[in-house]
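Protein chains in written order, with my numbering: chain A, 1 to 288; chain B, 1 to 83.
Be a bit skeptical, because a hint or two may be false.
What follows is a list of derived Cβ distance ranges for each label pair [stated by the list, open to error]:
1. B:I3 with A:A106: 34 to 44 angstroms
2. A:G154 with B:D71: 38 to 48 angstroms
3. A:G207 with B:A65: 26 to 36 angstroms
4. B:T20 with A:E202: 23 to 33 angstroms
5. B:P23 with A:P244: 35 to 45 angstroms
6. B:G32 with A:V280: 26 to 36 angstroms
7. B:A79 with A:G207: 31 to 41 angstroms
Some chain A residues close to chain B (C-beta under 8 angstroms, calculated; not the full set) [as the list claims (entries may be wrong)]:
8. D67
9. N70
10. T185
11. P246
12. V247
Stretches of chain A that chain B covers, calculated by requiring three or more beta carbons in the stretch to come under 8 angstroms of a beta carbon on chain B [stated by the list, open to error]:
13. 231-243
14. 254-264
Calculated directly from the structure, the hints in this document are not laboratory data. The beta-carbon is built from N, C-alpha and C at its ideal position, and this holds for glycine as well.
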Amino acid sequence: MIAPDASIARSEGITSVAFVAGVETPLFRSRWMPLPAGESTRLSFAQPPQPTPVLPGTVVFLPPFGDEMNYARSTVAATARALATRGWRVQVTDPAGTGDSGGELASIQLDLWVRDFAAEIVAALAQGPVVLWACRQGALLIDPLLQRLRESGGLPQGVLLWDPLTDGARTMAQFLRIADAAALTGSRRLKSAAQSLLEDGEIVVSGYTLTASLHASLAALRLTDAALAGVPTACVECVMPGLPLPVARLAAPRTVVPLMPYWVANEAPPSATPLVAATVAALEQWCT
Amino acid sequence: MSIELQVMTIVRAVLGLSATATPLTRQSRLLGAMTALDSLAVANILGQLESTFGFLVDDSALSAAVFADIDSLCRYVEAKLSE
Chain A
1 MIAPDASIAR
11 SEGITSVAFV
21 AGVETPLFRS
31 RWMPLPAGES
41 TRLSFAQPPQ
51 PTPVLPGTVV
61 FLPPFGDEMN
71 YARSTVAATA
81 RALATRGWRV
91 QVTDPAGTGD
101 SGGELASIQL
111 DLWVRDFAAE
121 IVAALAQGPV
131 VLWACRQGAL
141 LIDPLLQRLR
151 ESGGLPQGVL
161 LWDPLTDGAR
171 TMAQFLRIAD
181 AAALTGSRRL
191 KSAAQSLLED
201 GEIVVSGYTL
211 TASLHASLAA
221 LRLTDAALAG
231 VPTACVECVM
241 PGLPLPVARL
251 AAPRTVVPLM
261 PYWVANEAPP
271 SATPLVAATV
281 AALEQWCT
Chain B
1 MSIELQVMTI
11 VRAVLGLSAT
21 ATPLTRQSRL
31 LGAMTALDSL
41 AVANILGQLE
51 STFGFLVDDS
61 ALSAAVFADI
71 DSLCRYVEAK
81 LSE
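Throw the hints in and build the complete structure from the sequences for me.
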């Protein structure tokens, strides 16, 4: 039995859930674990009671932004559980100021997220192989993260991208569109989202207070083949049945899964089964 | 698959509509008729249209008329593809 909810650790700091399956006693226990690099109050993750003999490695999840993470969460959790049953340790963390983690998004700088994730990855690398699993906008964190990890001398065994977004400017334009679309659906807005950012220094979109500073940092992010040099990478992309394949933005091999988009679903999330299969296949080529 | 069917597929996916419970036609009303069509859904539909058809939406040129019904949304996509 995999019961990740039991290991959710809540505090003023970052909330992270680890999905780990023990071989004989697959129960979760969690404890706070200080990070080696200074952010000890921000990050926690669960530890299994015993090291898992067949542990192939740790998967560190890099999440989507905003409502996409809310919609994707159940699919991500289902996949993490499936990976855990195969021996992987999967860490799903809410960046500071988002989800169940502490802090206010309005006070967050991008560098904090990069620093926190880098520290989490370095800590995991000390225990064995690590694979980064980035979903949607999480893929945009790969470049600054790999830059930081290259400086520290440790790289992941691979990078798995789920429906990656590779252009920060376009991604943020789509996020701000939620605010502008309110005018279409009847809400009265005096300013465009871009005007609000420029004149007020921040904007509230779907309950998220996005500062001009964080917006600018996120919009400047890109994911390119050059950024991934030397790190095995694979993409898994969902395509709605009947729709054409989106243009590939990266040279990495991609597996296409016929599935409704799990990050926009308004109703019950789709079965993650085909995603899980593609994800397991991608990860097991790097760590077995 | 025709543009019309692709647009309907995207609208169904974003709004969580089943083909049997909520059949769509070119005349199906959207804004004001589909309660699930809020600002997030509008943004998600536009994002899916961008990734599916490969065009960029000009947000400053958007109007509610684009989301009046399936027909107006299809005509918007057709116009973008012919630019």
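Can you list which hints this structure breaks, lowest number first? Those not satisfied are hints 2, 4, 5, 6 and 9.
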